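Fit chain B to the given chain A structure using the hints.
Number of protein chains: 2
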Amino acid sequence: MLIGLTHRIERQFAELQSRHGRKKSPFCLCEGVRCCGELLNSPAASSVTLAVISEKLRCGFEFPESCDVVQVSDDKLQKLSGTVTSQGILLLLRRPSVRPEDFPAPADPFIIAVDQLGDPGNFGTILRTARAAGLREFWFTAGSADAYAPKVIRSSLAAQFSMQLREFADLDELRQFAERCNYKNFFLTDPHCGESCFECEALFDRSVVVIGSEAHGIESSAAGSRVTIPMPGNFESLNAAQAATIVLFEHVRRLTAGGKK
Amino acid sequence: MLIGLTHRIERQFAELQSRHGRKKSPFCLCEGVRCCGELLNSPAASSVTLAVISEKLRCGFEFPESCDVVQVSDDKLQKLSGTVTSQGILLLLRRPSVRPEDFPAPADPFIIAVDQLGDPGNFGTILRTARAAGLREFWFTAGSADAYAPKVIRSSLAAQFSMQLREFADLDELRQFAERCNYKNFFLTDPHCGESCFECEALFDRSVVVIGSEAHGIESSAAGSRVTIPMPGNFESLNAAQAATIVLFEHVRRLTAGGKK
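As given, the protein sequences belong to chains A and B, one line each in that order.
Note that the first sequence covers residues 279 to 539 in this note's numbering.
Note that the second sequence covers residues 279 to 539 in this note's numbering.
In isolation and in its complexed conformation, chain A is listed as follows (with noise of 0.2 Å):
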């Protein structure tokens, strides 16, 4: 339905600008073209409760029945998203869960997890990688970026909306949450020791696949077995998101490349 904008949008928009905001309110903000685009196609869709749409926009989107249509200004928009330039679009939406009961059993072949990964770019990223390499789980530990913060969300051009993410309180939580789930294998990758991804047999048989993040590394006592990306050029270890690529597309290949090691 086509409506005006109210104060109380305006007061909605200000709120999820920040931080602080963002954890008391049960929505979060989507804005662009491109992550519009996807979070409309994805099971999110029915939660979107307003669509902000700039005067200018040319793209033919379909909005759900429940959700209400407000079109400004693109001076307005900007102000409202919060970004340099305005997206032509942003959406308000109910923040999905990611509480890990509130979901199906996973059904991936392995999962990939990200330890207080805090860079929500890096964050994004590796949500936008791992979606692109066929997962529909993402699982994190409590000290991570907000999984639903408007730059996350950016970066992963909105994959969190097509997948289900289950935050932690930490890795022996979500160790056990794995292992009733029936995922046996607990990989650590670490810059310094243990086997190589390209050699380990077993990295993506039934098991989780965890990312350290680049400050904290993952913390030395954790359990499970370590695998190493191997670096020739012995430079700084590898960008979290650079690692957690390299790990997916490995999975990728041995799927695609006929089972060959």
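Any given hint could be a false lead.
Using 25 Å as the maximum straight-line C-alpha spacing, the simulated SDA-like pairs for lysine to any residue come out as follows [claimed, not checked]: (1) B:334 with A:512; (2) B:334 with A:493; (3) A:429 with B:365; (4) A:429 with B:494; (5) A:334 with A:397; (6) A:429 with B:363; (7) B:429 with A:511; (8) B:429 with A:360; (9) B:429 with A:397; (10) B:429 with A:334; (11) A:429 with B:432; (12) A:429 with B:334; (13) B:429 with A:365; (14) B:462 with A:429; (15) B:429 with A:512; (16) A:334 with B:494.
For the record, the hints were derived by calculation from the structure and aren't laboratory data.
Computed from a predicted model, the values in this text were never measured in an experiment.
Chain B alone, transformed into the frame defined by chain A:
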């Protein structure tokens, strides 16, 4: 030699904060303990003319003889660098050349190249990952990010100072140079068509592998064999840095996994 902060030095730093100023300047800036440490361990260390360090900095850097040293307060350092948080140290050095003929012939087994990759974060991440994968060459076409912009240096962890960067007007010029250096295979990554990068036997056989920018891809008229990264998720195409990472570590995998394909 320990010297005082002069207006000339302040002007020089102010100039390097704008894109326009950087274009005119024969210098570039490297910031932060981690990046400056890499730089001072690289062949480019001898080009460093000035180090500005915080009075609080406790890392024992060794500077080349030719380098003047200025000690300033944290506040002052932050103003000079233009970043939000002071990183303790700033180095000023002569901008390395990116002219293709200014270096010895390339010795890498294959060459990674990017075409008009404008995003500084992606550009820097690819440099860092290429260096980690053991390469020493990095080629790019005009229209890419400034390889010595502060943001690129931060993202690459100063990898460019221990590599040979060569810039070309366009892909034709790049290819001609490659042929003169006996890199005879020319591959263009493509999100939609081509042989799988995991199956292509000649991918690293005296070849150049070109990664396109996310915004433009590679122009469809460009000559070369297309290779693609299989993407079971059927999601948006991969970020350029992720695509480059997959190609670079497919090379590492073939090197380290005992020649298994």
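Here's how the hints hold up against the structure:
1. For a cut-off of 25 Å, the pair hint linking residue 334 of chain B to residue 512 of chain A is broken: about 30 Å separates their Cα positions.
2. A distance of roughly 22 Å separates the Cα atoms of residue 334 of chain B and residue 493 of chain A; the hinted pair therefore holds under the 25 Å criterion.
3. Note on residue 429 of chain A and residue 365 of chain B: the hinted pairing holds, with a Cα-Cα distance of about 24 Å set against a maximum of 25 Å.
4. Of the pairs offered as hints, the one joining residue 429 of chain A and residue 494 of chain B holds, with about 22 Å between alpha carbons and a cut-off of 25 Å not exceeded.
5. Distance restraint check for residue 334 of chain A and residue 397 of chain A: the Cα-Cα separation of roughly 33 Å exceeds the 25 Å cut-off, and the hinted pair is therefore not satisfied.
6. For the given pair, residue 429 of chain A sits about 20 Å from residue 363 of chain B by alpha-carbon distance, which is consistent with the 25 Å threshold.
7. With a C-alpha separation of about 22 Å, the suggested pairing of residue 429 of chain B with residue 511 of chain A holds against the 25 Å cut-off.
8. About 22 Å separates the Cα atoms of residue 429 of chain B and residue 360 of chain A, which keeps this hinted pair within 25 Å; it holds.
9. For a cut-off of 25 Å, the pair hint linking residue 429 of chain B to residue 397 of chain A stands: about 16 Å separates their Cα positions.
10. A distance of roughly 33 Å separates the Cα atoms of residue 429 of chain B and residue 334 of chain A; the hinted pair therefore is violated under the 25 Å criterion.
11. Taking the CA atoms of residue 429 of chain A and residue 432 of chain B, the gap is about 20 Å. The hint holds against a cut of 25 Å.
12. Restraint check: the Cα-Cα separation between residue 429 of chain A and residue 334 of chain B comes to about 33 Å, which exceeds 25 Å; the hinted pair is violated.
13. Annotation: proposed proximity of residue 429 of chain B to residue 365 of chain A holds, straight-line Cα distance about 24 Å (limit 25 Å).
14. Between residue 462 of chain B and residue 429 of chain A, the direct Cα distance comes to roughly 42 Å. Violation of the 25 Å bound is thereby established for this hinted pair.
15. Simply put, residue 429 of chain B and residue 512 of chain A have alpha-carbon atoms about 23 Å apart, close enough for the 25 Å limit, and the pair holds.
16. With a CA separation close to 24 Å, the supplied pair residue 334 of chain A and residue 494 of chain B stays within the 25 Å bound.
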